[in-house]
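Student: Generate coordinates for the entire structure from the input sequences, incorporating the hints supplied.
Chain residues, written in single-letter form:
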Amino acid sequence: MDPVIRTSGLSKHYGHIVGLESLDLQVPPGIVFGCLGPNGAGKTTAIRLLVGLLRPTHGRAEVLGIDLAADPDEVQRRVGYLPGDFKAYPDLTGGQYLRYLGNLRGGVDWQAVELLAKRLDLDLTRRIGALSHGNRQKVGIIQAFMNEPELLILDEPTAGLDPLMQREFLALVREARDAGRTLLLSSHILTEVEAVADMVGILREGHLATVDSVENLKARALRRIDLIFAHEVPEAMLAGVPGVQEVHADGTIAQLTVEGSTADLIAALAPYRVDDVVSHEADLEEIFLAYYAEEG
Amino acid sequence: MFANAFLKTLRDQRRALVGWGAAIAVLVLLMAALWPSVRDMFEQDLLAAYPEAIQRLFDVEAMATGAGFLNAELFSIILPGLFIAYGIGRGARLTAGEEQDGILEVVIVGPLSRTRLLLHKAAALATGIIALGAVLFIATVVASAVMDMGIPVAHATIGTVAMVLIGIQHGWLALGVGAATGRRALALAVSGTLAVAAYALHVVGALVAAVEPWQPLSPFTQAIGPGPVGGTVPVGFVWLALTAVAFVAAAVPLFRRRDIATA
Ligand SMILES: Nc1ncnc2c1ncn2[C@@H]1O[C@H](COP(=O)(O)OP(=O)(O)OP(=O)(O)O)[C@@H](O)[C@H]1O
Ligand SMILES: [Mg+2]
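Sequence lines, in order, name chains Z and A. For reference, each letter of the first sequence is one residue, going 1 to 296 in our numbering. For reference, each letter of the second sequence is one residue, going 1001 to 1263 in our numbering.
Calculated directly from the structure, the hints in this document are not laboratory data. Check before you lean on any hint, since a few could be wrong.
[Stated by the list, open to error] Stretches of chain Z that chain A covers, calculated by requiring three or more beta carbons in the stretch to come under 8 Å of a beta carbon on chain A:
| id | region |
| --- | --- |
| 1 | 99-109 |
| 2 | 259-268 |
[What the hints assert, rightly or not] Here are the simulated SDA-like cross-link-like pairs (lysine to any residue), alpha carbons at most 25 Å apart as the crow flies:
| id | chain 1 | residue 1 | chain 2 | residue 2 |
| --- | --- | --- | --- | --- |
| 3 | Z | K118 | Z | D85 |
| 4 | Z | K87 | A | D1101 |
| 5 | Z | K118 | Z | R174 |
| 6 | Z | K87 | A | A1261 |
| 7 | Z | K87 | A | R1256 |
| 8 | Z | K87 | A | Q1100 |
| 9 | Z | K87 | A | R1011 |
| 10 | Z | K87 | Z | E150 |
| 11 | Z | K118 | Z | G107 |
Where a beta carbon is used, it is the ideal one built from N, C-alpha and C, also for glycine.
Tutor: Below, the structure is given as structure tokens:
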């Protein structure tokens, strides 16, 4: 199937500051694509290019099969978008604002809006200017989801949400994906991306460091394993096992850093008596740090 | 109220329109209340005592009629100033202000194209100014009837249209500069400068013979030249309307082609 997002050499320079450099990305339909990166990595720049709010310095982007430079109006008609710093008319209530946006989009199923508001525990009768940051963010999330767009582009959607609401939001994301829609979201919160994303792109200083499935990234992840031997640690043997990157031995305790699969390590341990194994679950945090360390 | 961007923008003006409308109505009625005593001064020939130069500078003769009095007191500076101020203030806010507040991007990433958004906003701004014009027209007609100023409805209409046109022209310039650049302060500065320059050209053109040929270029002269409360429809109205449309039309491609700012 044709990718929903396809960019080639997409770049944005702000004067001499590089916001994004030569992004080549393909996002297939029906998945959740997580965009990760530290502050200033270029996530917001990439997202605002993809919704046609920024014009690229170089390169091109196709969204929903439409050349963004040729017909930005059509792309904007069909995507749902949540900006990283969502703001709305402070004098309107959440309900008035959502009705207005719904009307601009040719009408909206109001029951769907009310259901979303209920799930996110948002009072639609309150003025947006009087809402807390998290509640304002919910208004932004609802406007992005309410028309059931085929592509949702969300910049740090969970910013300001409490853990309960974050979970509800992730449920919305999964439901949208299961209904066949495509979602691209950026985040600092690695666990949440790990929880919903099918594919992850890691940005760093405007460059795409890697794109991979969450499983593959995990497979390439550095994992910390503690082994407690009955006797002296066979340090030299451990250091020679494929995938083992670091060994710290202290009496009968060995702390290892292993990349990817631990199968070789387990096999190598067979002749030894190991009393205990403590494996620290690989998460994207470690992958993340590994990528940063590699580049930096 | 929220059916489209035009109605939403009109709704956003409702409080301002009530306030400005009330101010304009009160201003016209108060000024008209002075009319009987001014008329008496003419009838008793009290003004003849002033030196002739003073009489000419202030066009004292023209003030002998109700229309001349309102033209001199309201329609030559105060009312154009109010309509221009309303147009510029609103025009600069409509896109540039919303953009700088970070509100506009969600509206733009939606089915409403930038072109149509700008046209909706321009239409709503013009409608607001026309509403102020309607208040001015009614106040003028009522004041003329009550104070026996003898201003025909047609003349009051022409005076009102002059104010509306100069307001829309400056408002659409502010809207256009705001849309083209995304900067509200710049929109205010450019259109404010046009207003001051137009007024200066109008006044200097009246006083200095060498500048006089250029005077018809001034939007002020185009609007209020022959009256504006009077019996002739100035050709200048066409120029005001054309330039106003040109300001918005020129902004469309620039608005479409640029980066939208974040808050
Ligand atoms: N309007 C702008 N003018 C100049 N530089 C900008 C502008 N917007 C972004 N940048 C720069 O571009 C780079 C990428 O910024 P961007 O906002 O895309 O990062 P981000 O990944 O979204 O960061 P964060 O996680 O903090 O939101 C940064 O160095 C930033 O300073
Ligand atoms: Mg960002």
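Student: All the hints need checking, so say for each whether the structure fits it.
Tutor: Hints, one by one, checked against the model:
no., hint, in the structure
1, 99-109, "holds (count 7)"
2, 259-268, "violated (count 0)"
3, K118(Z) to D85(Z), "23 Å, holds"
4, K87(Z) to D1101(A), "7 Å, holds"
5, K118(Z) to R174(Z), "18 Å, holds"
6, K87(Z) to A1261(A), "13 Å, holds"
7, K87(Z) to R1256(A), "21 Å, holds"
8, K87(Z) to Q1100(A), "10 Å, holds"
9, K87(Z) to R1011(A), "19 Å, holds"
10, K87(Z) to E150(Z), "23 Å, holds"
11, K118(Z) to G107(Z), "20 Å, holds"
Hint check: a violation occurs at hint 2 only; the rest are consistent with the structure.
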